[in-house]
Amino acid sequence: MVMIYQEKFDLDASSASYFSSQIDILICGLRDDATRDERCSHVRTTLSDFKGTVFNLGTNESAEIFEYEIYDWQNSALDKQQGLTLIPGLKKFLSLQDIENSSLCIDITCLSQPILFLLVKILLSEIKPKRLFASYTEPKKYLKVSRVLTDDEEFDLYDEIVGCNYSVPGFAKINRKSNEMLVAPFGFERQRLLSIYENVEPKGGLIPILGFPSFVPGWDLTALYMNYKVLSDAESEQKVKFCEASSPFGIFNLLKDIYDTYAQDYRILLAPLGTRPHALGAAIFATKYRECHLIYDFPVEKNFRSESVLKSNIYHLSHFID
Amino acid sequence: MGDANWKYYVKTGSTELLSEKPLIFEGSRGCGKTMFFLCNSWKEKFLEAEANKQDLKALFRDGNILGFYYKVDGKFVGRNLFGKGIEEWVWQSIFNTYFNIMIAKEILAFLEYCINRNVISEDHIKNLLLRVNQKVQNKESGTSITAVGNYFDHILDKIEAFSNDPEKEKPIGLHAGTLVTTFIEEIRKITVFSACRFHIFVDEFEEMNVQQQKQINTLIKQSKYWLVYDIGVKSTGRFTEETISGEIIQEPHDFAHYYPESDSFSRQTDYEDLLISICRKRLQEYIPERLASNQDFFDIRFYLKFYGLNVELQEFAAKPKFEKIKALLKEKIDNENNQHRLYSAEELNDVYAVLLGQTPDIVRMHISLLNRKSKGKLKELYENAKLNTDKYKDWKHNMLFATYFLLCKELDVNKKYHGLKTFSMLSSGVIRSFLEICESAFDFAISNKFTFEAPRSLTMEEQTQAAHYVSQSKVSKIDGFVPDGVYLKRMILALGKLFYLKHTDPDATLGEPEPNHFYTKTTELRSLSSDAGRVLEHAVMHNVLQFDVPTKEKNDSIETTDYHINHIFCPFFKISHRRKRKLYIDPKDLKTLLIGNNSEAEKVIRVLANKLTDNSTQGTINFFGNDLSGEI
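Those protein sequence lines, which keep their order, are chains W and F.
Under my numbering, the residues of the first sequence are numbered -7 to 314, in order.
Under my numbering, the residues of the second sequence are numbered 79 to 710, in order.
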């Protein structure tokens, strides 16, 4: 495995004070379970000396609406708004904040992924902050269910999938080349990759990306097991690429390699179905490489999908800003 | 699908479907919609003509059609061109521009192709391009094909940018089909094309939103003898019948409707002929030249040999447990005789001989007939069997196949699947499913050293393995259907279990043999729960279920609909793949199967199957796919 340069840091008691002083605005997910799910608030509570502003951003399952809440560092509500549309609502909202003079940190742990994608695009290319960080809190355990009238074991991470035949807000592209190749970081939920692969039927096949090393030893094998059927159907068993599960930098570099190799012949469809750090890296990549088409299946995530905190990371992303 | 689709395309009666009347080709994924439209489009026809060294001008003779194919880009249209604080009419005009330009680009490609092959010259289309430039307000670029094409791309770029950020410049808005009409009007002025009829094929219509479908409905309504709009759509994928002015498009006035899946059942022989022709084209690629004189090698029936039912009967008869089944029948005869004092000991020997000395299916049928409650059932059975009466023949006709499923369960035998007819029925009208079973059967055969250098019929085991493998694979993929895959998977597992319990009920009388579909009051279901109604619609759209007009009404007063499970799932569920009997499922119960929780669904299954305990063992879905683990 090639060593890559990455500005990735542990967020723990020893570094909390330093990072608290580096961040003016912390962007988090606005979720029903945010206050009760330990992972959602872990970064905020770890940054004990944080004196900036917190933006909680939310959307609905099909990523059409937009809502936000703003709090100060003492958790006093400053503003809130509901019923906006994600496009152009998010961009308008950001344009009213003093982003250009601020250091931002996006806590991607519980942030809705369509918001993450659009936010990354806007912050890297349109409304550019002074410095940009992201943070992520890894889970110790995901919830599982078993026996749905058969002996299948499934992970209980979402209620339904809205579908991949919808564009990712901000990343809509007209299909002008029929030769497609699907590149997909994948996770535990086998239906998601299966569904996207069946929907796209990419002539150029599937390049699956497995999060390895994974957050917890063995999770990579679980992801492989859950997705083996579609990998086999797509004849992609030999094409699996590996990338550290918690590294947006690693996935960015890997995607660049894949893009350089195949983009001349194929329209690259990028479906970030794996870890959130991989989704972050994919969003950065799709923003930088406009020919690459970001697609997504809009799963409706369950509340309380994970248990306990493993650790938190901070990523410094400023060098990706245009 | 490969690049040269025409090589595999088989013209059937369905090509006549393209007429001056628009066509709505409605069916599930894999039923042949895309192949049909693609192979009737200009590109494939030109490729075929050139490969066969035909004169291209022959394609433009009187009445010939020139088709332009567009597959709806669901990731771009649909929900993307909607909302975002923009008024609906603005999105509609932008959609129309997008749709016009996408078709116009295809027409430009056609014209360029014709120029490159000297069918026409650039001078022929000067006026056309001038008019087109006026329509799209292009004052900057020239009137060459390249310049106009680039301008089209420029408009598409603007549409793309506006859809991602409505604060960007608004693209030009057009009316539905206006640019396409201009193109075709001008093309018809070119002598060589003047006698052609032009078709616009819109595939995957279900990806459009309601407003966009209304725009296309308007074009269907406005179709003329020289410009016809045809659509391909998944079952239940038409969300509105309205045009933009609120008119309704109706069959047969405005369009012809074609449902290939229902057709495959109502015209089974035609469907099988189609499958044979499709396979012949594919087999041509594999049979070596030196064997080409043997036409059998090009006939899929040679490979998918039907081994007869006797093979299965012999397997049943050879099972030690079959003696227990015979003993059970003898016990039932004795009990009945003891109770009613029908026969003397000597007469009873003849009863045994007539009823017990039979093949396993008939023995098992006799048990089921003696399970009935009627008085004098032994006498009736014995006399009819002895004389082989019409009634007895009717019983055999109606019940014997159902006994195979009982015997498979009771004797621990895998149901065998072999022969074209069986595979045709398993495919439920979905050509792709049929081809998948064939491909899988050849794969199993190749692992048994089959080669086209020395072709042979595929063994019954190879065919059976393929049927089970594809069936399991299809079931395992159901939860990948969006948006209700998880519900659809649970529903089909529940229905499969219900039918399996009915098929293998040891106390069955076979009065209603092989129940593998159901009927319900759909309207009542929808009024009970719109969510359940929606999931049922998606089940049809994804071809998990196929609806049909009711056969024999069991529940008279209110309108009901029949729903068949896609027969490709039948081997997995170990149930019959024939269209035989149906069960009534009350809308309340069906709602539970569609959207209730697991334990509620289990309860409904047990009540409907009259089973309070569950000792059923169906397949276990195996994510590793290839290994059947002896479970199925």
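The set of hints was computed from the structure by calculation and includes no laboratory data.
Check before you lean on any hint, since a few could be wrong.
[What the hints assert, rightly or not] The calculated SDA-like cross-link candidates involving lysine to any residue, where the alpha carbons are at most 25 angstroms apart (straight line), are: (1) Lys552(F) <-> Tyr217(W); (2) Lys280(W) <-> Thr537(F); (3) Lys84(W) <-> Lys552(F); (4) Lys195(W) <-> Pro533(F); (5) Lys123(F) <-> Asn171(W); (6) Lys169(W) <-> Lys236(F).
*Under the criterion that the straight-line Cα-Cα distance not exceed 25 angstroms, is the pair lysine 195(W), proline 533(F) satisfied?*
Distance ~31 angstroms between lysine 195(W) and proline 533(F) Cα, so the pair is violated.
*asked:* For lysine 84(W) and lysine 552(F), compute the direct alpha-carbon distance and say whether it is at most 25 angstroms.
replied: 46 angstroms, violated
*asked:* Need the status of pair lysine 552(F), tyrosine 217(W): alpha-carbon distance at most 25 angstroms?
replied: 18 angstroms, holds
*Is the straight-line distance between the alpha-carbon of lysine 169(W) and that of lysine 236(F) 25 angstroms or less?*
18 angstroms, holds
*asked:* Please verify whether lysine 280(W) and threonine 537(F) have alpha carbons no more than 25 angstroms apart.
replied: 55 angstroms, violated
*Straight-line alpha-carbon gap lysine 123(F) to asparagine 171(W), limit 25 angstroms*: Answer holds: lysine 123(F) to asparagine 171(W) is near 21 angstroms, not above 25 angstroms.
Checked against the numbered hints given earlier, the structure breaks hints 2, 3 and 4 and satisfies all the rest.
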